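Asks: Each chain is listed here by its residues.
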Amino acid sequence: MFALIACGFALGQYMADLPLSPMKLRYFSWHKWLGVTIFMLAVMRIAWRATHPAPLPPAGTPAWQNAAAGAIHILLYLLIIAIPLSGWLHSSAAGVQTVYLGLLPLPDLLPKNKPLSEFLGEVHEILNDGLAVLVAVHAAAALKHHFVNRDDILRRMLPFLGPR
Amino acid sequence: MMRWLILAVAAGLPVVTAATEQNVVYDKSRITCASRQMGVPVEADFRQFTARIDFDPGRPDGSRISIAINTASFEFDPEVDDEVRGRLWLNAHDFPQARFISSSVRAIGNGRYEARGTLEIKGARSEVTVPFTYQPAAGGVFEGVFVISRLHYNIGEGKWRDTDTVGDDVQIKFRIVTDSPAAKRK
Chain A
1 MFALIACGFA LGQYMADLPL SPMKLRYFSW HKWLGVTIFM LAVMRIAWRA THPAPLPPAG
61 TPAWQNAAAG AIHILLYLLI IAIPLSGWLH SSAAGVQTVY LGLLPLPDLL PKNKPLSEFL
121 GEVHEILNDG LAVLVAVHAA AALKHHFVNR DDILRRMLPF LGPR
Chain B
1 MMRWLILAVA AGLPVVTAAT EQNVVYDKSR ITCASRQMGV PVEADFRQFT ARIDFDPGRP
61 DGSRISIAIN TASFEFDPEV DDEVRGRLWL NAHDFPQARF ISSSVRAIGN GRYEARGTLE
121 IKGARSEVTV PFTYQPAAGG VFEGVFVISR LHYNIGEGKW RDTDTVGDDV QIKFRIVTDS
181 PAAKRK
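From first to last, the protein sequence lines stand for chains A and B.
Counted from 1, the first sequence has number 154 at position 154 by our numbering; the numbering is strictly sequential.
Counted from 1, the second sequence has number 82 at position 82 by our numbering; the numbering is strictly sequential.
Be a bit skeptical, because a hint or two may be false.
[What the hints assert, rightly or not] One side only, chain B facing chain A, incomplete, derived with CB under 10 Å:
1. Glu21
2. Val24
3. Tyr26
4. Gly39
5. Pro41
6. Val42
7. Asp82
8. Tyr134
9. Glu157
10. Lys159
11. Thr165
12. Val166
13. Asp169
[As the list claims (entries may be wrong)] Derived, one-sided and incomplete: chain A residues facing chain B with beta-carbon distance under 7 Å:
14. Ala16
15. Leu20
16. Leu25
17. Ser29
18. Val96
19. Gln97
20. Val99
Bear in mind the hints are in silico, worked out from the structure with no lab data behind them.
Bear in mind that the values here come from a model prediction, so they are computed numbers and not experimental data.
All residues carry an ideal CB built from backbone N, CA and C; glycine is no exception.
Start from the sequences, fold in the hints, and give me the full structure.
Replies: Here it is as structure tokens:
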């Protein structure tokens, strides 16, 4: 899922400033398909988390760190839902329907409206910038746990690292 | 005569409306084109056009219809507009108008009619059949849709010829509202 988000993010950054070309239209479609996929996975992930509580933090973690980690996790969940939604609404207001994989048309939630589309485009971008910052903090914290605290947090997040 | 009228309109010359023509209400009328991009239907407007309609539902065969669309009035969003008005698409600079001029109009039943005529876009011409409905409120409302092949008119040249990204079929939709009926012909 991280790989999909990273692809969607990089493609979005790259394609937005390209001159109009057939390739740009393809990139936009792929970007939207990635977004729809991420949205569906995010919903499944949140449903899982809602029914399966997160594992407890290591004993002895300061309370402020637990609070910060909890807040960042909630924000990450919010953004992986809000970012695809804002992209979908942006596209809808721009007058371009989203058709998943070119096969499954998603309903246009908004009528064509240029100022609204531009506003939603800005929102989509700002939320993405926010996500990039949170991902950096989240990753830095995980690395700090691994290399400074020498606990099993990172191994828990990335089971392929294997047990200590 | 009709051609002269269109040229006069295009040149911005004052034209005396022929007594039998319906008066078109432009702010209620709309001409759009819709293509499929990556399989997704996308619709754009032509903001400026001139319609000259002399239509009598009781005697459709005597009708004359001509439409001239300003190609530079294509409107979707600024980035797309620049491209579509440009050389590879409509080439609005060299071909400022797309025109339809009817050669015959006939009733096909149930309030439906069919106009045959010549469609000229970007210097390419072809004979087309345009089905439409006529609702006789006020001067009458004309509505219809027909499909053209963009490549037939060289719309979208070079890198845009590939129809996987932008499909070949383009739906032209129109709704033309008039507020005075054509005078009855003798």
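Asks: For each hint, tell me whether it holds in the structure or not.
Replies: Now for the hints, and whether the structure bears them out:
1. Glu21: 33 Å, violated
2. Val24: 24 Å, violated
3. Tyr26: Since the shortest Cβ distance to chain A is 20 Å, the answer is violated.
4. Gly39: 4 Å, holds
5. Pro41: Hint on B/Pro41: holds, closest Cβ of chain A at ~7 Å, below 10 Å.
6. Val42: 6 Å, holds
7. Asp82: This interface hint holds because 8 Å falls under the 10 Å limit.
8. Tyr134: 28 Å, violated
9. Glu157: Hint violated; B/Glu157 Cβ to chain A Cβ min 12 Å, cut 10 Å.
10. Lys159: Holds: closest Cβ of chain A sits about 6 Å from B/Lys159, inside 10 Å.
11. Thr165: Holds, about 4 Å.
12. Val166: 7 Å, holds
13. Asp169: This interface hint is violated because 16 Å lies over the 10 Å limit.
14. Ala16: Nearest chain B Cβ about 11 Å off; hint violated.
15. Leu20: 5 Å, holds
16. Leu25: The hint holds - A/Leu25 has a Cβ within 7 Å of chain B, the shortest such distance being about 5 Å.
17. Ser29: This interface hint holds because 4 Å falls under the 7 Å limit.
18. Val96: 6 Å, holds
19. Gln97: Where the cut-off is 7 Å and the nearest Cβ of chain B is about 5 Å from A/Gln97, the hint holds.
20. Val99: 5 Å, holds
Hints 1, 2, 3, 8, 9, 13, 14 from the list above are not met by this structure, while the remaining hints are.
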